[in-house]
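Novice: From first to last, the protein sequence lines are chains A and B.
If you read the first sequence in the numbering used here, its first letter stands for residue 1, the second for the next number, and so on.
If you read the second sequence in the numbering used here, its first letter stands for residue 326, the second for the next number, and so on.
The hints are simulated quantities; they were obtained by calculation from the structure and are not laboratory data.
Only a predicted model underlies this, so the values are computations on that prediction, with no experimental measurement involved.
In this text, a Cβ means the ideal position worked out from N, Cα and C, and glycines have one as well.
Careful: at least some of the hints might be erroneous.
As the list claims (entries may be wrong) - Which residues of chain B face chain A? A partial, calculated answer using Cβ under 10 Å:
| # | residue |
| --- | --- |
| 1 | G455 |
| 2 | A522 |
| 3 | A623 |
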Amino acid sequence: MTAGSNEAPGFARIMGFLGARPLLPLVLLLGLLVLVLEILQPGIVNERWIGNAIKVAIPLAMLAACQTLTMLTGGIDLSAGTAATIAAFVTATLTPQIGVPAAIAVALTAAVVIGIVNGFGVAICRVHPLIMTLGTALIGSGCLLVYQRFVIATGTKIPDFLVWLGTGRTAGLPNGLFLFLPFAALVIWAQKRTGFGRLLYAIGANETAARLSGVRVWQVQWALYSLSGAIAGLTGLLYLGVVKTPSLSLALPLDLPSVAVAVIGGTSIFGGRGGYGGTIIGALILTVLTTMLTLMQIPEGGRRILFGAIILIVTALYLRLTQQD
Amino acid sequence: MRRPQNAWTLGLAVLLVLLLLATRIIQPGFGLTGLDALARAALPFALATAGMTVVVIAGGIDLSIAAMMAVASVTGATLMQGAGDGQAALAVVLVLALGVGMGAVNGALIVLTRVPDIVATLAMLYVWQGVALLILNAPGGGAAEWLRGLIVGGVALPGVAAWLTDWVPKSLVALALVVGLIWLPIRRSRLGLMIYAVGSDPLAAFRSGVPVGLTRVAAYAVCGLFAALGGLSVTLSTGIGEPIPGPYLLASVAAVVLGGVALGGGRGAILGPILAVFVLRLVRMDLTLLQVDPNMTAIIEGTIMVAVVMFGGVLALRGRRA
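Chain A extracted, bound-state conformation (with noise of 0.2 Å):
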């Protein structure tokens, strides 16, 4: 970036200023592909697009959030889909059993002892979160598939107010946003400004200088992983509202891209740099990316390649636009 400055003045300055606010260019690129899609097909962006856009982005911007958080101490959490499974079928076939509010608090509590279990192995027994988040993601759907034999016969019932929070519309925005808003605010105000927030970028930056000032490095990891835990939870009881029929593998198929909405947003999977602003605006490129690829009568296969190409060709840019040493 340096070097270029002596050829390109203008052009450097531009990279320079989009570099220090690392979300504008992401704002530019979300704007730049709906005005391909309007392109493509004019007349789809109107109102009732924009709130289903904003509706499928809500259930895969909180399941980032898991992945923001906890790559940002340079871990990641690829137990979260699973997590979210768990709670969703939990509360949807226990509530015909034992009524709405229990069914849910069995289901959350399932879903923090992923998070606990995680915790534990990262941040007690040293194991790499990759591994110890696969493991518990195994053993966890291993657990699902047995409970199921149990509640087979029962018959499953989503709570109302799920469904009206997951499909419901107010003034032409969904439901799921009443949710969201606090949730994202509250992530984005404890990761700005809170202790416990300062310590998660501290412990991702250098893990041996945070421990050698003072920070118990396993008691933040531990609350992490558990605080994931959690938010996969609260993801699930939404996207149960969002899908209406549970199964065993509700929200596995967005594990993988929600580490994609993590990191084209701008979080380093190294840890220490990003933040959950960039996320949220990395699920809303993601998901007008589908619809675009959908809209293109390719085949399926001819998608998937796009999809790939896309993910890396917008992280490989960020990389070059933000890393100015």
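Knowing the structure of chain A, use the given hints to seat chain B on it.
Specialist: Leaving out everything else, chain B in the frame of chain A:
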């Protein structure tokens, strides 16, 4: 440095023998056919694990391995369908070259774009999945009979009494040959040393004159080669090409970790992970023989994996403090 590594591998080997004995006790009829079935079921897993091991030693990770195996599987099945014997051999060579190519693309993209390995291969996972679907939209194609004969049944050598060699599954020999022929020469050469050096500390390797980027591309290319072999073995054992990636990604990462290869890179050998594959497959088979609910199998497998890595982590922590 070498001794704890060897102890870990030895422990895995002992565990494997104990599990084989246990299988014999559970199922007194367990014999040649059982061993053959085990080796054949483990073959794609073992090849995927071998590929993953090389990349992990070089300090990376390849999330796209199962998708690359799917591409190799459908390419092989499409080329071999209705082809003669000679053409089938040519198809195998082509698929292997394709594997090297796919791996090299992965590696080159990681080096050129400087996107972290895990993110770049996550994106490539979608790309290779798409390629596999474009080649073959549904399971289909075929496999040459003589190639299938290479991995089915026991070994029969001319001039040697049948009882001496009959109990060795061909697929096990194929696995040993392939891994031995590909990895051992690399391990002994400069490239092997460079792969370990890059995985251990890229900066130190760079300052010692190792071409870090090229070495990483080479490691991913080797991984692609193993993935192509794994995909071919899927096609050969089922007789058709399968465009949907199998469960090889999670299984190979699990086996690599159980096999004593550090995820940070630079340490480990290929034998441990392959032994770990057989241990995991055998546990699964024993549980099926014991008529345990197949769903419990996933829980037990996951618990074993998590328990072992936790135990390993605590051990490593102790070692550092001492």
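Novice: Each hint: holds or not?
Specialist: Consistency of the hints with the structure:
1. G455: 3 Å, holds
2. A522: 21 Å, violated
3. A623: 3 Å, holds
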